[in-house]
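Sequences listed follow chains F and P, in order.
The first sequence maps to residues 1 to 174 in my numbering.
The second sequence maps to residues 175 to 947 in my numbering.
Quick caveat, the hints were computed from the structure, so don't treat them as lab data.
Misleading hints may appear alongside valid ones.
Simulated crosslink set (DSSO-like; lysine-lysine; CA at most 30 angstroms straight-line) [claimed, not checked]:
| # | chain 1 | residue 1 | chain 2 | residue 2 |
| --- | --- | --- | --- | --- |
| 1 | F | 164 | P | 693 |
| 2 | F | 159 | P | 873 |
| 3 | F | 31 | P | 302 |
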Amino acid sequence: MKKKTTGLEAVNGVFEISLGVNGAKRTFAVKNTEFLLDALRRYGYKGAKKGCDTGDCGSCTVIFNGKPALACLIPAFTAHGAAITTIEGLGTVRDPHPLQEAFVEAGAVQCGFCIPGMILSSKHLLDVNPEPSEEEIKKYLDGNLCRCTGYVKQIKAVKAAAKKLRGKGRVSGV
Amino acid sequence: MDTKNLKVVNRRALKMDALGLACGEPVFTDDVDLNGMLYGRILWSPYAHARIKNIDTREAERVPGVKAVLTYKNVPRVPHTTAGQGYPEPSPYDTYILDNKMRFVGDRVAAVAAETPEAAEEALKLIKVEYEILPAVFDTFEAMRDGAPVIHDEEDSKNIPDAKHNIAARFEFEVKNGKWFGDADFVVERTYRMPYLQHCAIEPHTVITSFDHFGRLVIRTSTQVPFHVRRIVAQALKMPVKKIRVIKPRIGGGFGSKQEILLEDVTAALSLKTGKPVKIEYTRRETFISSRTRHPAAVRLKTGVRKDGTITDAEMDIVLNTGAYGSHALTVMMCSGSHTIPMYKVKNNIKFTGRSVYTNLPVSGAYRGYGATQGFFAWESQMDIMAEKIGMDPVEFRKMNYIRLGEGSPVFKAMGEGREGVEQVITSIGLYDGIEAGLKAAGWQAKKEKYKGQTGPVRRGLGMACMMQGSGIPEVDMASATIKMNEDGSFNLMVGAADLGTGSDTILAQIAAEVLGVKAGDLVVYSSDTDLTPFDVGAYASSTTFISGNAVKKTAEKVRDMILAVGAKILGRQKEDLRLENGRVVAKDGASCGLSEVANTSLYYYDQHQIIASASHYAHTSPPPFAANFAEVEVDMETGRIKILDYVSCVDCGTAINPELAEGQNDGAVLNGIGHTLSEEMEFSANGTPLNASFRRYKIFNTADMPPIRTILIPTYEPNGPFGAKSVSEIGINGPLPAVANAVYNAAGIRLFDAPFTPEKVRAAIKNSKGKK
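So here's chain F without its partners, still in its complex pose (with noise of 0.2 angstroms):
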C-alpha cells in the first residue's frame, strides 16, 4: 500500500510515521491496521483513554491539527506529518493549564477517567468562543460522555476557566 504524496511505505505491514506529538517530533512505527489511540498509547501517551474504541465516549479525544478529534477512529498511518496534542501537552501537574485547574477546583473530576477528553474538547472551544453560553458548551461537550458527576461541575469548569482565560488575555494555550 502505497500514499503517494507522503511516500510512506508499509513494510510487512508497518508504517513508520514522523508526527508532531506535543511540540516534539516523534517518530512511530504503526501497523496498518492500528488506529491512532493504540499508537499513542503504546508510545506513552496513556493521557487519550479507551473508553469505548468505537468513536461514541470522547474519552480519547486529542487536539489533531488543530482541532479536537477521536484518536480511536484515526488509522495511525494517517497521522503522518499530523501535529497532534495529548493531554500530557496541555499541562502538567507541575504546570497545569487554566482549564485543568478550573476542573480541580470546581469539583468536576471524579474518577478522572473522561477528564483528559473533556478538557481537550473545552480548550478548543474556548479557543474558537473564548466567552460560551452555558447552551453552547453542553452543546459542544455532548460528544465526551460521563457517568459519575451528571456535568454539573464540568460546566461550571469551563465557565470558570474561560473567565480565567480571558482575564489572562489567554486564549490559545498551546
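With chain F fixed as given, assemble chain P onto it according to the hints.
Just chain P now, kept in the frame of chain F:
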C-alpha cells in the same frame, strides 16, 4: 453536636488526585506496560443455553505467539460466587472459572493468552466448539414454571434454593397485626417494571496479573473490592491467600459493576499457566454483555390506605431477573424491601415476598441503589396514587407518614442483607427540611397552580419522591486504617477503602486531619493494596464514609494520643492539658511545640518509637440518608416525548465531610437515574442476543441532553457517624423514576409503570387513557 468548630471536615478541600487525573497521569489499571506481557482474550458463547459437546483447541494453540488456551478441561472447577461480598457470601456458589455449559450469550467458553492481541484474536477463531443447543428461557415467570429449562442443573453448585425452578434466591417476611386490608378504605395494587440496565463506567473493567520477585501472583485490577478479589481468586484457583497481592490503582468508575470478580480469576489462570504477565481488558461491548447489569424487576405493590391518610397494609412482591448466575441475587432482592418499606409507617400488616430468578440472559449484580431503585419506583409512584385516592396532597401524605427521629421499623430487624437484619431507630433525619427546601427551589406551589387545567398539545407538570438508603451493612461491613507519622509532622494514611473515583481518599484524609489538627494535605493517602493496607470490605453499600470514615477517625484518635504523650514530655505538661491545633501540640497555658518536633523526638531522640496506630470499625446501625426529589416535566401529547425541565434533589447525608464532593456524588446519581427514566434499556433478540451493547445504541445522557440539576445538601448530625456523617453515594439514583412518573401524571394524566418512559410507551398510555374516557 454541630459542625461550627470544625476546621477541615465539612469544609472545602480539593480532591487530592484530581490534578493528576486532569493531567492524564498514567494511574489507571491499563496505564502500565509490563515487560513480556501477554494479551488475554475470551471466547464468548454465541448461544443462550448450550452444552459443549466437544472443544478442540489444538489449532488455536499452534498460532504463532499463542502461549495458553484454557477451557473447562484445564482449569480448577470450584463452585464460587463472583459477588464481592463479606464471607461467607450470601450469594449462591454457582459459577466456575470455565464450564462446559453455556448459560447466556456472552458466557465464557475459553480463554487465550498470546504475545499480540492479533494472535489472541486469531486463536479464538480457531477454537473448534461443538455445542448441544439447549432450550433457553428469558422470562422470569416462565423460568419458574414446572418443566422450564433448568439453567443450573450441575450437581456441585451450592446454596441454590430451588434450582429446578430456576430460583436463585428467595425470601419472605410478614408482620401481621390484624386482618389483611381489614382497616383500609382503599386498596391499591400495581406492578412496576424495570429492564436490564448497565452501569456504563467509562473505564472498561481491566485486569493485569503478574508475579512478584517471590513468585507471588500480583493482580492489578479496576475493582471496588480488592480484599474480596484476593479471597475469591484464592478460592477459585485453590491458592493460599498469602500467594496473592491485589492492587487497586485509580478506578474509572464502578457503580457496583466492579464489586465483582469479573476477569481476575481467568486472567490469573492465564498467568499461572504461562508464568507471564497477562492483561485482559473488556471492550465496551463485553462490558455491556459480560460484566454485570442491574437486576430487571417486576415489583407488585399492594397497599391499603385510610381516608385519614394512615397506611394500613403493605404487601410487596418482587421478582428479579438475576440472569445466568446468582451474583447478589439474594441481597439486592432483600434491599428492595429493607431500604424502602421502613420509609413510611404501616399501621397493621407488612408482607414482603422476593424471588431472584435465573434466566439465559446477562448476569445481574450490584448497581448503585442496590434494589432500592427498583423498590422506590414502586413505592413512590404508589404514594401518589394513594394520595389521590384519599384526596390528600401527595406532599402532605408523605409528611404525615414518613419515619420520624427515634422510630424504628420491624423491617430493620427482619431483613438484613442475605440474613436477619439489625434492630435500629432513626438517629438523624432531615427529610422535613429537605421537602421544604425542595418545594421552594422547585417553585412547586406557584407552578402547580399555573399548570392546572392544561389542554394544549404540550403540558407541564410537577412530581416529587422521597427516599432513603443505608450507610454500610450493619454487623457485616468492617473497615480499618493505619496512620503513621513522619519527621515533618506529615502522616501516611493507609486505608483498605477503595476509592473508585468517589473521592474517598480525600474525605478520609479530611477526617484524619480534623482529629490531628493538621491540613488534609498533611495526610499522604494510600488506598487498597492487600499487601500494604489493612482490610476493608470495599467500596459498596454506601459504606465508605460511615464505616471507613469511623475507622480512620478512631485510628487518628489513637495517633493523637501517642502524639500528646510525646508532647507532654517535650513540654513538661500533663497530657490531659494538651490538644492538637494548627500542626502543633498546644498546652492550656499556651506553651506549644510543633508536630515535627514531636516526630523527631519519637524517631531519633527520646524513648524512640514510631508513632503509628491502626483501628477498625464495625457498626451496629446503618443510619439512612434521606432525600426529597422534585421534577418538573413537559409532555408532548402528540409525540409522547418527555422533557425534564428542572430537577431538584435535596439530600440529608448528615454532615457532608466534603460538601463539593457530596454534591458531585448526588449530581451523578441523579443523572444516571434520569437515564434509567427516559432512555436506558438493554435490548435482546428472541434468542437472547444483546442488540444494543454500545454507547451508540444504549443511550446514556450527555451534556446536551441533561436537564438543569440542583443538589441541595440538608445538614443533619448523625451521632453514629464520623463528625455526624452518613452516606451519600447511592440514594440519588432512586429518585428520578418515581419523581418523573409522578410529574408526568400531573402533566398528562397518565401513569407509567414500565421504565424507561419512551415516547412509544407514553403515546400508548395517552391513547389508552383517551379510550377509557
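Return the numbers of the hints above that this structure violates; sort them in rising order. Structure breaks no hint.
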